[in-house]
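Asks: Residues per chain are reported as follows:
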Amino acid sequence: MMETHKLEFATKGENDILNITEHIQNVIEHSDAHDGSVNLFLQSTTSSLTIIEWEPGILNDFRNAMEKIAAKSGIYEHELAWHDGNGHSHVRSGILGVSLSIPFAKRKLMLGEWQQIVLAEFDVRPRKRTVIMQIHG
Amino acid sequence: MMETHKLEFATKGENDILNITEHIQNVIEHSDAHDGSVNLFLQSTTSSLTIIEWEPGILNDFRNAMEKIAAKSGIYEHELAWHDGNGHSHVRSGILGVSLSIPFAKRKLMLGEWQQIVLAEFDVRPRKRTVIMQIHG
Amino acid sequence: MMETHKLEFATKGENDILNITEHIQNVIEHSDAHDGSVNLFLQSTTSSLTIIEWEPGILNDFRNAMEKIAAKSGIYEHELAWHDGNGHSHVRSGILGVSLSIPFAKRKLMLGEWQQIVLAEFDVRPRKRTVIMQIHG
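Protein chains in written order, with our numbering: chain L, 4 to 140; chain Y, 4 to 140; chain U, 4 to 140.
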């Protein structure tokens with residue numbers, strides 16, 4: 004069987020990181036599928052999905068690393084043409100990615116003890132974000 | 004149902020980025036599956052798949068970021084041993100990745116407004132590239 | 004059909020890279036599925052899965068690039084709070100990722116000639132690692 008759900012999230016803009024694990028787990032608990040995979044797909048070019056431990060220090064370390072990969076203060080051709088201030092956001096999203104696939108069993112995500120599913124906002128202003136969640140059971 | 008397709012692409016070598024969205028969409032339109040996920044897998048160790056906005060400035064910003072992560076002019080042990088000039092290409096591909104999973108509904112990719120599927124060539128010469136496309140519906 | 008397997012690996016700690024391709028191929032050969040996708044999910048926040056050519060120079064070049072992205076000698080807020088020495092390991096894992104999806108046909112992984120599936124250990128000490136392997140055929 005295959006089920007598709009659409010989840011909506013609101014971010015506070017740059018450097019906001021949302022823990023969306025409970026939202027995903029909640030949909031799975033009410034799914035018709037007992038075991039399978041959930042594919043998450045974020046419809047965005049200036050934010051990303053990843054898995055990380057939910058510890059404030061790690062979240063800041065992750066933010067600092069993304070700043071090093073594509074600094075907000077860097078020079079971006081996108082910026083020179085469009086002046087919307089998010090050249091670095093596009094680069095970060097393209098490198099980190101927007102899709103994840105996670106197994107579940109007995110309607111429970113098979114995450115490691117410390118793994119949390121996060122949506123990392125890289126854009127410079129608050130955004131509404133849509134995650135397509137597809138369950139293959 | 005499950006369908007497997009093989010798509011072939013030709014790149015012009017280093018820094019070429021192909022927009023393959025229409026090719027993927029076209030196969031889905033003629034698939035037996037109405038709704039599902041498409042898994043893309045690039046059979047390569049010196050190029051990658053990702054999703055990005057198709058804007059010339061962003062593509063150059065992305066190229067610059069990959070150059071920062073693994074500079075062409077850097078020193079690579081692979082290069083010292085094999086002299087094929089693509090040590091940086093292997094590193095970039097290993098970091099960026101070769102697989103994507105994208106949902107579709109009513110035979111249409113569920114991409115965000117600005118999302119395009121791209122094949123980024125990191126190798127130093129023109130290459131033929133194969134993408135395995137698997138539809139799970 | 005859908006099958007779930009659990010594979011266990013032991014790493015020697017930081018910078019160890021395991022080639023797990025044969026382990027995955029072996030499970031597929033004994034699967035009930037003839038064709039399909041295998042989803043791999045590593046239950047960890049301080050190590051990653053990726054695909055790379057298995058050549059000693061490339062492995063070292065990859066290690067060097069990860070060190071550049073998140074240096075072991077860098078300053079990490081996680082480290083200042085927890086003193087377990089693996090702030091950089093969390094950042095690397097969050098950036099590189101823990102999931103892969105690979106197609107197979109006639110019970111053989113459809114990998115490119117040089118592609119190998121690897122588990123990259125970023126943590127500072129030897130670890131036991133679990134990979135959930137889900138076959139969708």
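It is possible that part of the hints are untrue.
Pairs involving identical chains hold if they fit within one copy or between any two copies, as the list cannot separate such chains.
Said to hold, decoys possible - Straight-line Cα separation of at most 25 angstroms, SDA-like style, residue types lysine to any residue; simulated pairs:
(1) Lys109 to Asn67
(2) Lys111 to Thr7
(3) Lys9 to Lys109
(4) Lys9 to Asn63
(5) Lys131 to Leu10
(6) Lys75 to Met136
(7) Lys71 to His26
Quick caveat, the hints were computed from the structure, so don't treat them as lab data.
Asks: For each hint, tell me whether it holds in the structure or not.
Replies: Against the structure, the hints:
1. Proximity of lysine 109 and asparagine 67 under a CA criterion of 25 angstroms is satisfied in neither setting, with 37 angstroms inside one chain copy and 41 angstroms between copies.
2. In this homomeric assembly, lysine 111 and threonine 7 come within 25 angstroms of each other (Cα to Cα) both inside a single copy, at 17 angstroms, and across copies, at 14 angstroms.
3. For the identical chains of this complex, lysine 9 and lysine 109 are neighbours both inside a copy (22 angstroms) and across copies (15 angstroms), given an alpha-carbon limit of 25 angstroms.
4. With identical chains, the CA atoms of lysine 9 and asparagine 63 are never at most 25 angstroms apart, being 29 angstroms at best within one copy and 32 angstroms at best between copies.
5. In this assembly of identical chains, lysine 131 and leucine 10 lie within 25 angstroms of each other by CA distance solely inside one copy; the values are 10 angstroms within and 34 angstroms between copies.
6. Taking the shortest alpha-carbon separations for lysine 75 and methionine 136, neither the intra-copy value of 30 angstroms nor the inter-copy value of 35 angstroms comes in at or below 25 angstroms.
7. Neither within a single protomer nor between protomers do lysine 71 and histidine 26 lie at most 25 angstroms apart by alpha-carbon distance, with minima of 30 angstroms and 34 angstroms respectively.
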